[in-house]
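Undergrad: The lines below spell out each chain.
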Amino acid sequence: MATLVRLGGGKKDAALAALRATLRRLEGPGRAAAGVVPTGFDAIDRVLPDGGLARGALHEIVGEGADRAAASGFVIRLLLGLAVQGPVLWCLADPELYGPGLQRLGLAPDRLILARTRRDTDLLWAMEEGLKTPGLAAVLGEPQKLDLTASRRLQLAAESVGGLGLVLRQADGGKATAAVTRWRVASAPSAAPVPGPATPRDFGLMRGRWQVSLERCRGAAPTGEQGSGEQGYGSWWVEEDDATRAVAVAAELGDRSGTSASAIRHAG
Amino acid sequence: MLAAVDPAAALAGLALGMSLADARARLPELRLVDADPAGDAKALADFADWCGRFSPWTSVDGADGIWLDITGCVPLFENEEALVRDLIDCAARLGFTVRAAVADTAGAAWALARYDDVPVRVLGGSEVRAALAPLPVAGLRLPAEIVQDLKRLGLKRIGDLYGMARAPLAPRFGEAVARRLDQALGLLDEPISPRQPTVPRLVRRILAEPISTPDAIEHGLSQLMALLCRQLEEDGLGARRLELACFRVDARVERIAIGTSRPSHEPAHLGRLLTEKICQIAPGFGIELLQLRALTVEPLAARQLGLDAREADGTVAPLVDRLANRLGAGNVLRLMPENSHLPERAARTVSVLDNRHDAKRRQDWSAGRPRPIRLLAYPDPIEVMAPVPDDPPLMFRWRRVPHRVRRAEGPERIALEWWRAPEAGTDGIRDYYRVEDEAGRRFWLYRRGLYRPETPPAWFLHGFFA
Chain D
1 MATLVRLGGG
11 KKDAALAALR
21 ATLRRLEGPG
31 RAAAGVVPTG
41 FDAIDRVLPD
51 GGLARGALHE
61 IVGEGADRAA
71 ASGFVIRLLL
81 GLAVQGPVLW
91 CLADPELYGP
101 GLQRLGLAPD
111 RLILARTRRD
121 TDLLWAMEEG
131 LKTPGLAAVL
141 GEPQKLDLTA
151 SRRLQLAAES
161 VGGLGLVLRQ
171 ADGGKATAAV
181 TRWRVASAPS
191 AAPVPGPATP
201 RDFGLMRGRW
211 QVSLERCRGA
221 APTGEQGSGE
231 QGYGSWWVEE
241 DDATRAVAVA
251 AELGDRSGTS
261 ASAIRHAG
Chain P
1001 MLAAVDPAAA
1011 LAGLALGMSL
1021 ADARARLPEL
1031 RLVDADPAGD
1041 AKALADFADW
1051 CGRFSPWTSV
1061 DGADGIWLDI
1071 TGCVPLFENE
1081 EALVRDLIDC
1091 AARLGFTVRA
1101 AVADTAGAAW
1111 ALARYDDVPV
1121 RVLGGSEVRA
1131 ALAPLPVAGL
1141 RLPAEIVQDL
1151 KRLGLKRIGD
1161 LYGMARAPLA
1171 PRFGEAVARR
1181 LDQALGLLDE
1191 PISPRQPTVP
1201 RLVRRILAEP
1211 ISTPDAIEHG
1221 LSQLMALLCR
1231 QLEEDGLGAR
1241 RLELACFRVD
1251 ARVERIAIGT
1261 SRPSHEPAHL
1271 GRLLTEKICQ
1281 IAPGFGIELL
1291 QLRALTVEPL
1301 AARQLGLDAR
1311 EADGTVAPLV
1321 DRLANRLGAG
1331 NVLRLMPENS
1341 HLPERAARTV
1351 SVLDNRHDAK
1361 RRQDWSAGRP
1371 RPIRLLAYPD
1381 PIEVMAPVPD
1391 DPPLMFRWRR
1401 VPHRVRRAEG
1411 PERIALEWWR
1421 APEAGTDGIR
1431 DYYRVEDEAG
1441 RRFWLYRRGL
1451 YRPETPPAWF
1461 LHGFFA
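Sequence order for the protein chains is D and P. Quick note: the first sequence, position 77, residue 77 per our numbering, numbers continuous. With positions in the second sequence counted from 1, the corresponding number in our numbering is that position plus 1000.
Treat each hint with caution, since some may be false.
Stretches of chain P that chain D covers, calculated by requiring three or more beta carbons in the stretch to come under 8 Å of a beta carbon on chain D [as the list claims (entries may be wrong)]: (1) 1402-1411; (2) 1430-1444.
Just a sample of chain D residues kept apart from chain P, beta carbon distances all over 12 Å, derived [stated by the list, open to error]: (3) Ala17; (4) Leu23; (5) Val62; (6) Arg152.
Derived CB-CB ranges, DEER-like [said to hold, decoys possible]: (7) P:Leu1227 x D:Arg152: 37 to 43 Å; (8) P:Gly1284 x D:Asp147: 34 to 40 Å; (9) D:Asp147 x P:Met1395: 37 to 43 Å; (10) D:Lys145 x P:Leu1094: 49 to 55 Å; (11) D:Thr121 x P:Glu1233: 33 to 39 Å; (12) D:Arg152 x P:Asp1040: 38 to 44 Å; (13) P:Ala1377 x D:Lys145: 51 to 57 Å; (14) D:Asp147 x P:Leu1342: 39 to 45 Å; (15) P:Asp1104 x D:Thr121: 51 to 57 Å.
These aren't lab readings, by the way, just hints derived from the structure by calculation. Cβ coordinates follow ideal geometry from the N, Cα and C atoms, glycine included.
Turn these sequences into a full structure, and let the hints guide you.
TA: Here's what the structure looks like:
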């Protein structure tokens, strides 16, 4: 089991935890009341403050490349892991989400309400309306651009009734936003069936893999080299078994002990 | 030919149908304006629209008439006569000279409005028979030649027909005369409008002073909404469609309408939907009358929002309505399974407000074979390097970016539906491959048709896995 030990004594830990709790209380009345939901990935939950994804907050998922498949896949698995009930509002420009594929991941397509918007202004408006509506499991949005002001509005809307906001974005130079966390998700080559480099003609798909990094997380202490630009909160390989569709954190990147396979969770 | 004359000209002895030369001879200083039938028709249609302040059901009748079905609208005024006087006064302010009559039957009202001298007639029951008797037979809405024939027989007044035996009239004039007479007297039903069995759900507010600011409209709207919703609530009904009509001082009518996903009588919710559209109203020189009408009402609780039972939380329906009203009902969608094995037809999006598919959507989504989570509606053609005949691609180029295939799975052969005419060279099949490129991204590719040595195969990218 990978254990992350960052600080010396338990006393110091407790003091810090108390300080963080105070800070979060000061940050907004909505957040503390809305609570957190565990992501289902134990290794990831350990890094998140209070051991889960904060409700009443906006979270940002940055995908690589033009197709949002990796990022949307991660978001869906995150949603399933959150085990939150109710409909999901998904605001997007092009409703190319495919029901049979979603069903296979374990997300019932019936739960989705799709809002097709042509302009970002409409999309952000729809997200804000959704976040202000109690009873929704989550509000997802895929804006072309998201700036500080817009994200601040969404964050405030999420705080108002404890909604869960998830923004899917393409990498665009990492403009600052008011989101509580920022994740970066990228597809990664699947592991070879036998140790060693994959030959070009390996037939059959192996377990899908993604590299998930937590780049920003309000209320948690960053790890990594100070000032090196590589500062983050953690980075993981997430792997899926095609047959059982179980998702697991396969390895913690940058974990100096080099151990792996810290948690397994079954989806669907 | 004179198409119309004003009162002054009529006094001078000019009449409709008089030739221009005759008219000029009688009245050399006559001022002529070209007739504009299209413009007249449009003005009449606009006027009919304006008359919507008196009744939700108005329609244009011929070139010079407007029908108003005021069933159920009278309580908004004191009585029928007050309604008619109000109509005439308001129309006069707009510069229209109006003759109006209210009667139990459409035929009687038509005759009285045109051929009776009393400016306002409100008749019911037996008065109609007596009132119609002295009017010319033309008041029965009969073709001109029949009117001529009747006159030749000495039947000039409607009353002359009362005592006539029907049998001799029929062979000569057809059944038109008897039918029109019976309709005017209420002996025969004449459907002129799709009459609603219940009173129209309508509230209105005459404004002391014309308003033009959005705030003022919103204020008026909220008062009307409270009133309407109270009425609906008393009757256990909810509105599915609402319309706010703003009657402007210049006789134009601005309308905004909203729809809801399920019946509602929540003033806050409905008011909010309409308030968002107030910016679409052009107030012009001001609005003098606001009228709120429920176009469609349904019993409450008769219908659930077509989402999952556990989502039937009442808070989601208002959100759906708000989204649909701003983005358009066609842009708030849900996914619907379809019974087809053609991937792009196995699912489609339908409007959330469309409840017709509720039964069908309960059927299961098949989750058997691996399917992408995002599917392109139109597969993208790609350039592919693949060993023949049936191997997955080694490399493909999508949107000018090359992808080297590292792993692949397939083919999964999907037969196109035989009842659809196959495109040329497709053989009615597609061979699908799941491939992973060097970066680990996963795509769904297919080759159209069987491999044939003589033609280069066509490849497409159809979806993305995650």
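Undergrad: Go through the numbered hints given earlier and state which of them the structure violates, listing their numbers in rising order.
TA: As far as the earlier hints go, 12 and 13 are violated by this structure, in ascending order.
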